[in-house]
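S.K.: Each chain, letter by letter, is given below.
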Amino acid sequence: MSLAGYDVAKYRSFLDPTHIDLRPLTLLFGYNSAGKSALLRALPLIAASCHRNASGPIALESEVARGARFADIRSRFEKGSFVEFALDFDAEDIRQISFRVFDVESAREQVVERLQLRDAAGLVLSAVWTPSLEPSGSPSSAYAVTLRNSPPVQVRVSFRGLLPASDDPGMPAAAVELLASAARKLDEVYSSIHWLQSVRAPIPRYAELITRPTRVQSTGANAGAILAYDKFRGGRLVKRVSEWYERATQHTLDLPDEADRYSIVLSPSNAPLVRVNVVDTGEGMTQVLPVLVLLAQAAEGVLGPSPVLAIEHPELHLHPNAERELSKLLCTSVASSVATGGGRVRTILETHSHHVLLSVQLAIVHGDISPDDVLVYWVRELDDGQSSLDAVKFDELARPIDAKWPPGVFSEELEQARALALERMRRAHP
Amino acid sequence: MRVLVEDVLFQIPASTPLLITLFFHAIRDRHRVVADPNGPYRAWAARLDDDTRKFCDNALDFSALAESLEPAVIELRVVAAGTPSWRPPRLPLVDALELLQRPYKILVEDARSDRAFLLAMCTPEQRQFFEDRERRGLLEFVHGGGVSSMNTVVEALANDDRAQLTTFVLFDSDALRPGVPSPQSEQLRAACTPHIAHHQLRRRFIESYLPLRALSDWAGSIRNSKKRKKRRHRFAALARLTPAQRHFYNMKKGFLEDDKRAKAAQTAGALYDGVDHFTREALAHGLDAHLSALFHPPGARFSERDLKDDGSWQEGSGLAARLVELAR
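As given, the protein sequences belong to chains L and F, one line each in that order. For the first sequence, the working numbering assigns the number 1 to the initial residue and increments by one for each residue that follows. For the second sequence, the working numbering assigns the number 1001 to the initial residue and increments by one for each residue that follows.
No lab work stands behind these hints: they were computed from the structure. Here the structure is a predicted model, which means the values were calculated and not measured. Heads up, some of the hints might be wrong.
What the hints assert, rightly or not - Per label pair, the in silico range of CB-to-CB distance:
no.	chain 1	residue 1	chain 2	residue 2	range
1	L	Gly367	F	Arg1028	31 to 39 Å
2	L	Glu413	F	Ala1300	25 to 33 Å
3	L	Asp119	F	Arg1028	57 to 65 Å
4	F	Arg1162	L	Asn32	38 to 46 Å
5	F	Ala1239	L	Glu78	20 to 28 Å
6	L	Ala428	F	Gly1137	18 to 26 Å
7	L	His429	F	Gly1137	17 to 25 Å
8	F	Asp1160	L	Lys79	54 to 62 Å
Stated by the list, open to error - Just a sample of chain L residues kept apart from chain F, beta carbon distances all over 12 Å, derived:
no.	residue
9	Ala107
10	Glu109
11	Arg118
Even for Gly, the Cβ is constructed at its ideal location relative to N, Cα and C.
Working from the sequences, and respecting the hints, build out all of it.
M.R.: Have a look at this one:
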């Protein structure tokens, strides 16, 4: 199973159905407040909603929801109380699972109003909620379930988060199997999406390694613990992360042996005895650490067969030189992921970095990655406040196809530099 | 324009003043100069004074950066000697400089309303590109009159290679039905082909791209109640047409005017066969001859969403993107 894309509709500033194709590297660009973050965060929101303990079909209690009510999640451009999501899979059986989530205001709960499963031939199962409330006031679990080429049956379907199940004896066996298969896929979605938000939490100066850390949290927490644990197990991740620091900043990273705690230190490459706790270095050095750990984990294959890395502003606070090295690492990760075949690492980034884009273009031109492995979305706000996407693909010379890149974007510096050069020339040769 | 400078030019001392002018155009007029910075350029630049050398270095750097995401599609090769050749363009330095000083011209029927139409079909970034280029004198909308007089202008360009390279022609199809442009429009298209970049509107004329919302607002926007009633009556009739009928209807002069063209064997065919008598009557004289004013100012009367809903965004924004490519 590999998540190949997702769709949102009636979600935040995206009223119209909006599709995001997840390539090995997908980049979201756009001005501030255009809708990039909302689009990227739809992924961890869906992932959180795919957890069995989610409070409802939209995990409003999750970190990514940031305390939102349903009204904050749904589009403000329409009065309807719906949000629609769909997940597209590279799979033989179910290719798409789509949800329409309805807000039952009187119950202050949400319900999956419509679930649709599609295979290669089209719609294979549809479950449509029969609007009714239980005596408790909660939405009922009565659904009209229709299998392809079959008449609808009225049965009960329960959802844990977005995971469907049914033990209704009236449910056709084929439908039970399809729902179970969908639930398995959604379970995988929950574990395969790794989200890093834009502002990462400070790294502790010293910390104890009590248990095996699970995964890098969205705040970047656990990145240090994962490295500390890795060091005991051979240090493959530490090596990868340190190599990047060396290339980008001429420092090496290490976790010195200490009795009951760990710390992360950086040393100048040519003065290895000088050890500075990473907390005492520049903000860029610490902000990038969780990104590096996540990429190293993906490269080592410890995130599962088809992880999706959703990272906001990976380049935050980095000097352009280091930005360039980070971009190269991203491209290398795309290339190696493609080379290993099988499940692919897919990385989606929200970024303002021209360096990232230039590095990707260079990697295409050098043949390190295929133009098909990269997709850029220019996210923009329309006059009416809604958001819209323009997909920018590249040819083999890394030129945007059909001039889809918006003119003038990233030319601001160029314009200023031109004006400066002209003025200097005028003064030098009046 | 992307300007490739042959290395040998940097080895001809007499070329230096003209080469510096070329670099000046690269920075001021946003052309892109491409030369190998480690080739003969290096020795040439080393002989310049510091300020001029930095200026030329900057021009190469800026050009490379500009080309990364927004590559020019017109490529000019500057050669040391020989006569100009145009397919593809290979010009001696003097001729190249003359070409680079020309603004890119968009020949349209009506410079005001067609410009407004094009800007209405743009994303904000594309619109800013056109407005900025106009302000700097690098791009001009040229009033060509009707399709017939534009034909005369285009025919006059037949022997002007420079103008052919720097002119884009945008014109109505004047089609009475889908896929059948008028003979005059086809004649103009043929005159442009293959050397002059052009776009023949798929719909009849620019007014055919006005979304219903803009027309609805227009119908209700007049104070005089009698005229308002008349406008609304006509608009309601227009709204009853199918999209294809609406896109080829003569909004300026109505069915009666088109009937005259039947004598020249130009008809709408079966396009309006299902239209009832009352609708035909309401639309007999068109909606208004000045509807193109509704494109002013871009974005004020309708939005990108309206254009998408109306099905014209793909053609319009594609046209704008192509023009951006050609004009940079």
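S.K.: Has the hinted range 17 to 25 Å been met by the Cβ atoms of L:His429 and F:Gly1137?
M.R.: Distance hint for L:His429, F:Gly1137 holds at roughly 22 Å.
S.K.: Against chain F, does L:Ala107 keep a CB gap of more than 12 Å to every residue?
M.R.: About 34 Å separates L:Ala107 from the closest Cβ of chain F, which puts it past 12 Å; holds.
S.K.: Does the hinted range 31 to 39 Å hold for L:Gly367 and F:Arg1028 at CB?
M.R.: Since the Cβ atoms of L:Gly367 and F:Arg1028 sit about 36 Å apart, the hinted range of 31 to 39 Å holds.
S.K.: Holds or violated: 25 to 33 Å for the Cβ distance of L:Glu413 and F:Ala1300?
M.R.: Check passed, 32 Å falls within 25 to 33 Å.
S.K.: Between L:Asp119 and F:Arg1028, does the C-beta distance stay in 57 to 65 Å?
M.R.: Hint holds: Cβ distance 59 Å, inside 57 to 65 Å.
S.K.: Using the C-beta atoms of F:Ala1239 and L:Glu78, is the stated range 20 to 28 Å upheld?
M.R.: Since F:Ala1239 and L:Glu78 have Cβ atoms about 23 Å apart, the given range 20 to 28 Å holds.
S.K.: Check the following: the C-beta atoms of L:Ala428 and F:Gly1137 are separated by a distance inside 18 to 26 Å.
M.R.: 24 Å, holds
S.K.: Can the suggested window of 54 to 62 Å be confirmed for the beta-carbon pair F:Asp1160 and L:Lys79?
M.R.: Holds - the Cβ-Cβ distance for F:Asp1160 and L:Lys79, about 59 Å, lies within 54 to 62 Å.
S.K.: Does L:Glu109 really sit off the interface, with its C-beta more than 12 Å from all C-beta atoms of chain F?
M.R.: Given a closest Cβ separation of 32 Å, the condition holds.
S.K.: Do F:Arg1162 and L:Asn32 keep their Cβ atoms within the hinted range of 38 to 46 Å?
M.R.: Holds - the Cβ-Cβ distance for F:Arg1162 and L:Asn32, about 43 Å, lies within 38 to 46 Å.
S.K.: Against chain F, does L:Arg118 hold up as non-interface, every C-beta pair farther apart than 12 Å?
M.R.: 25 Å, holds
Taken one by one, the earlier hints all hold for this structure without exception.
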